[in-house]
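Required output: the full structure, derived from the provided sequences and hints.
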Amino acid sequence: GVLLFLVIKLWIHAGRELKASQEARIESEREHGKEKLLIERECNKEMAGLVKQQDMTLGAVESTLQTLSEKIDNMMED
Numbered sequence: 101g102v103l104l105f106l107v108i109k110l111w112i113h114a115g116r117e118l119k120a121s122q123e124a125r126i127e128s129e130r131e132h133g134k135e136k137l138l139i140e141r142e143c144n145k146e147m148a149g150l151v152k153q154q155d156m157t158l159g160a161v162e163s164t165l166q167t168l169s170e171k172i173d174n175m176m177e178d
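Numbering (the working numbering), first residue to last: 101 to 178.
Fair warning: there could be bad hints in the mix.
Simulated pairs of lysine to aspartate or glutamate, DMTMM-like, Cα-Cα distance not exceeding 20 angstroms [as the list claims (entries may be wrong)]:
| hint | residue 1 | residue 2 |
| --- | --- | --- |
| 1 | K119 | E131 |
| 2 | K145 | D155 |
| 3 | K134 | E117 |
| 4 | K171 | D155 |
| 5 | K145 | E129 |
| 6 | K152 | E140 |
| 7 | K119 | E129 |
| 8 | K152 | E142 |
| 9 | K134 | E146 |
Note that these hints are calculated values from the structure, not bench results.
What follows is the structure, given as structure tokens:
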């Protein structure tokens, strides 16, 4: 009877330990997921910034080319 009682007590203890370690693992995975999300958000912001810069640069290049082509047209007319 005492042996059975000890086995059951040990089994319950082992079950609690397992549950606690599973909860800890789930929590650490959740934290890792949050970190990944934050990193992805930062990357997306940086990418958006780069795209904006590229658009501005392209706009500047286009306007410069437009100005040059107008100047060339004016020279041709003169």
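ask   = Checking against the hints above, which ones are violated?
value = Hints 3, 4 and 5 contradicted; others consistent.
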